[in-house]
Amino acid sequence: MLIRVKQAYRAIVQIGLFRSVFLCGLLFFVGSLLNSYSSDRLYSQFISAGFILFLLSIHIKRGDKMFFKSHFSNFRILLLIEYILLSLPVLSLFLIHLQWISFLVLCGGIVLVSLIEFTTRHRILNSRLQAAIPADSFEWKAGVRKYFFIIIAVWIFAFIASFNIGVVPLAIFILGFVTFSFYEECESYQVLLLHELNAKQFLLLKVKRQLILFSIMVTPLILMFLVFHFDKWYIPIAEYLIFIFLHIYVIVTKYAFYEPNTKSPAAQMFGALGALGCFIPVLIPLVWVLTIRHYLKSIDKLNFYLNDYN
Amino acid sequence: MITIKNLNISYRKNEPVIDNLNLLLQDGLIHGIVGLNGAGKTTFLNSMFGLKKIDSGEILSDGHKINKKTLSYLVTENFFYSNISGREYLNLFANKEFDLEKWNKLFTLPLDHIIDGYSTGMKKKLALLGILKQDKPIMILDEPFNGIDIETCRIIRMILLRLKESGKTIIVTSHIIETLTNLCDFIHYLEKGKIKYSKDKTGFADFEREIFDKIENENIEIVNQLFDNNLKK
Numbered sequence: 001m002l003i004r005v006k007q008a009y010r011a012i013v014q015i016g017l018f019r020s021v022f023l024c025g026l027l028f029f030v031g032s033l034l035n036s037y038s039s040d041r042l043y044s045q046f047i048s049a050g051f052i053l054f055l056l057s058i059h060i061k062r063g064d065k066m067f068f069k070s071h072f073s074n075f076r077i078l079l080l081i082e083y084i085l086l087s088l089p090v091l092s093l094f095l096i097h098l099q100w101i102s103f104l105v106l107c108g109g110i111v112l113v114s115l116i117e118f119t120t121r122h123r124i125l126n127s128r129l130q131a132a133i134p135a136d137s138f139e140w141k142a143g144v145r146k147y148f149f150i151i152i153a154v155w156i157f158a159f160i161a162s163f164n165i166g167v168v169p170l171a172i173f174i175l176g177f178v179t180f181s182f183y184e185e186c187e188s189y190q191v192l193l194l195h196e197l198n199a200k201q202f203l204l205l206k207v208k209r210q211l212i213l214f215s216i217m218v219t220p221l222i223l224m225f226l227v228f229h230f231d232k233w234y235i236p237i238a239e240y241l242i243f244i245f246l247h248i249y250v251i252v253t254k255y256a257f258y259e260p261n262t263k264s265p266a267a268q269m270f271g272a273l274g275a276l277g278c279f280i281p282v283l284i285p286l287v288w289v290l291t292i293r294h295y296l297k298s299i300d301k302l303n304f305y306l307n308d309y310n
Numbered sequence: 311m312i313t314i315k316n317l318n319i320s321y322r323k324n325e326p327v328i329d330n331l332n333l334l335l336q337d338g339l340i341h342g343i344v345g346l347n348g349a350g351k352t353t354f355l356n357s358m359f360g361l362k363k364i365d366s367g368e369i370l371s372d373g374h375k376i377n378k379k380t381l382s383y384l385v386t387e388n389f390f391y392s393n394i395s396g397r398e399y400l401n402l403f404a405n406k407e408f409d410l411e412k413w414n415k416l417f418t419l420p421l422d423h424i425i426d427g428y429s430t431g432m433k434k435k436l437a438l439l440g441i442l443k444q445d446k447p448i449m450i451l452d453e454p455f456n457g458i459d460i461e462t463c464r465i466i467r468m469i470l471l472r473l474k475e476s477g478k479t480i481i482v483t484s485h486i487i488e489t490l491t492n493l494c495d496f497i498h499y500l501e502k503g504k505i506k507y508s509k510d511k512t513g514f515a516d517f518e519r520e521i522f523d524k525i526e527n528e529n530i531e532i533v534n535q536l537f538d539n540n541l542k543k
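Protein sequence lines, in the order shown, are assigned to chains A and B. Using our numbering, the letters of the first sequence correspond one by one to residues 1 to 310. Using our numbering, the letters of the second sequence correspond one by one to residues 311 to 543.
Rather than coming from a laboratory, the hints here were simulated on the basis of the structure. Among the hints, a few may not be true.
[Stated by the list, open to error] Mimicking DSBU-like on lysine-lysine, the simulated pairs with C-alpha atoms at most 35 Å apart in a straight line are:
| id | chain 1 | residue 1 | chain 2 | residue 2 |
| --- | --- | --- | --- | --- |
| 1 | A | 301 | B | 511 |
| 2 | B | 506 | B | 406 |
| 3 | B | 474 | B | 509 |
| 4 | B | 415 | A | 297 |
| 5 | A | 208 | B | 506 |
| 6 | A | 263 | B | 362 |
| 7 | B | 412 | B | 363 |
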């Protein structure tokens, strides 16, 4: 417990006071949304299921399970306690609103998740799709490998079912978010240096590659939508443009907080803010402002590594 | 010639890690940098590659400020982007003359597997292949023999000697002194942020003896105390 408190403290120090306050505000906002929705029986069940999935994704991805196993004989109880503590705000909301079924489902889910013995295996997946991606777009090669089945399933389903007006916009939404997540990890500086470009040229190349690859991915779906619903042409186009903008935002944010070989908490937090912009339109102007700010910051940050190529 | 003049680097005020370091590194030779843990080896190498800001002093190559265009750097801890294969990693470096399949006959890496599943030694070999593919005139190798089996150690030694013959300047660190005495033309001993002395091949035997004697003399008392106490119990 003490270790977790220290880790949380270090994370707060790393992301800085201003961003911590902002993060608290964001959490408060999400909390108030959960509070209002958890009073409804159906929504509370969705929240319960969503939170179990959230815990499951943490459990599968966490890298400290081996440490727990080798150091503590009662490691499952420790995992259980951690997940209960993490779920405490949601459990409390269910109790306040007397949502007993959702409460019990979440409790059961927490127990089950802590018992699961599963870690992600490294897939050896070298599809033709990987070979078609340019050699220097390693984020796409890695991302497509990671989400291969989701991408393929969503794309094929959307293509076939594009006569339904909602399918293509939903598919663009999912694919947009999947590709958005390709940029959460910072590469090593050897990879950063390999283009031998200066900071501005480097950023331009990254943005260009992202826009081209994302456009190749979604253009056939947009065309299919236009074939069936030409009068609503502006829906996928607007969505496409929003995602293009979000992708530029996430790239400049990544390099604004670039630290070799890490996933920057600050970049992840700002990335989440950008993602929220899709749901809360009020945030979009803020994202625009942040894009300019992060662009300038990323030039400054990258200059430290790429100054020899100026 | 690489010239390092009055180099000073510190992480905190008045606590220099590199303290007025001066060193000349002749081109086309293999230079070993030796020092105990915390002596400042990695900080020194990071500053050469431009990853650590220097407080004062200069690092020159043939009279000009040293530049990443002429350097490649193998770091101690190798990090690779997750979910990419060894082949994809190496394809990031553009060098059409580099025959990957032939080079990999030496290291037998599963290049089409993703790197996350590689062992420490395999990751080191892959990083080294990346350095070789970059084919820069100056190579900085921080602990290239860490986590590598005997056979590969020997292969790396052969490769480095050939690279020297082709005119490359190689700067290498290692905790295993024997690997350096068998390989280097010069060994430079770094202590408390300064180069205490540099030895050529004729001085390596003395150097080894001095180092081992120093380490033993510094620690013999504590070791004796520990074992005497244990025997009393």
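Evaluated hints:
no.: 1; hint: A:301 - B:511; verdict: violated (43 Å)
no.: 2; hint: B:506 - B:406; verdict: violated (42 Å)
no.: 3; hint: B:474 - B:509; verdict: holds (18 Å)
no.: 4; hint: B:415 - A:297; verdict: violated (44 Å)
no.: 5; hint: A:208 - B:506; verdict: violated (51 Å)
no.: 6; hint: A:263 - B:362; verdict: holds (21 Å)
no.: 7; hint: B:412 - B:363; verdict: violated (39 Å)
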